[in-house]
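Add chain B to chain A, keeping to what the hints say.
These protein sequences, in sequence, are chains A and B.
Under my numbering, think of the first position of the first sequence as 1, with each following residue one higher.
Under my numbering, think of the first position of the second sequence as 1001, with each following residue one higher.
Just so you know, the hints here were simulated from the structure itself, not pulled from any lab data.
Careful, some of the hints might be misleading.
What the hints assert, rightly or not - Distance windows between CB atoms, simulated:
#, chain 1, residue 1, chain 2, residue 2, range
1, B, 1015, A, 77, 32 to 38 Å
2, A, 104, B, 1009, 21 to 27 Å
3, A, 55, B, 1066, 40 to 46 Å
4, A, 68, B, 1100, 16 to 22 Å
5, A, 1, B, 1007, 32 to 38 Å
In this text, a Cβ means the ideal position worked out from N, Cα and C, and glycines have one as well.
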Amino acid sequence: AQSVTQLGSHVSVSEGALVLLRCNYSSSVPPYLFWYVQYPNQGLQLLLKYTTGATLVKGINGFEAEFKKSETSFHLTKPSAHMSDAAEYFCAVRGSARQLTFGSGTQLTVLP
Amino acid sequence: DTGVSQNPRHKITKRGQNVTFRCDPISEHNRLYWYRQTLGQGPEFLTYFQNEAQLEKSRLLSDRFSAERPKGSFSTLEIQRTEQGDSAMYLCASSIDVETGEAFFGQGTRLTVV
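Okay, chain A solo, but in the shape it has when bound (with noise of 0.2 Å):
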């Protein structure tokens, strides 16, 4: 079975600095990793995923995340935050009929 824990369901950061939020997973095969954004009563956009290959994944605005299997870590990262950044964001991994198991989340406050 596989499964997502999220570390910290909130996060604070000032514009400007740096994002990181955490995801660690458990499962029994190799995983595939994503991570998504949410907005206030919207649905989930993709940010990034890991399939196979390189272990650092570049993203959609600015958004990165590096897979760790020693760890069974998989971090998002953002050098700069920005105000429009503030969202719920959800990491997860994909089970054996290829749906997701997301952890949950994490809300990221971005402070003026």
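Just chain B now, kept in the frame of chain A:
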């Protein structure tokens, strides 16, 4: 717009009533998923279809929940005899049957049971 479309966006219903939600996937996508998201939680997988076949439904929350995808196009999710605990966002996602499982989500239907 060729994204995933869900209707209605919002539904308020009285306890005990039946509700039905519709999802129109991206046209070339043969897989369709339903998820439920409650406040402060990540989406929770409910069921999925490959074309018109429902291949997993054990995660549906109770026998009050059912889903269909006639002709492998749009899908409906029905909840019978709604309860207050059914209040949530119901999300639909679609994907092409590829290895990664990458899914594209609709904007969801927010259900409020009063």
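Consistency of the hints with the structure:
1. B:1015 x A:77: 32 to 38 Å: violated (45 Å)
2. A:104 x B:1009: 21 to 27 Å: holds (24 Å)
3. A:55 x B:1066: 40 to 46 Å: holds (42 Å)
4. A:68 x B:1100: 16 to 22 Å: holds (19 Å)
5. A:1 x B:1007: 32 to 38 Å: Hint holds: Cβ distance 33 Å, inside 32 to 38 Å.
Figure legend: structure checked against the earlier numbered hints; the only hint not met is number 1.
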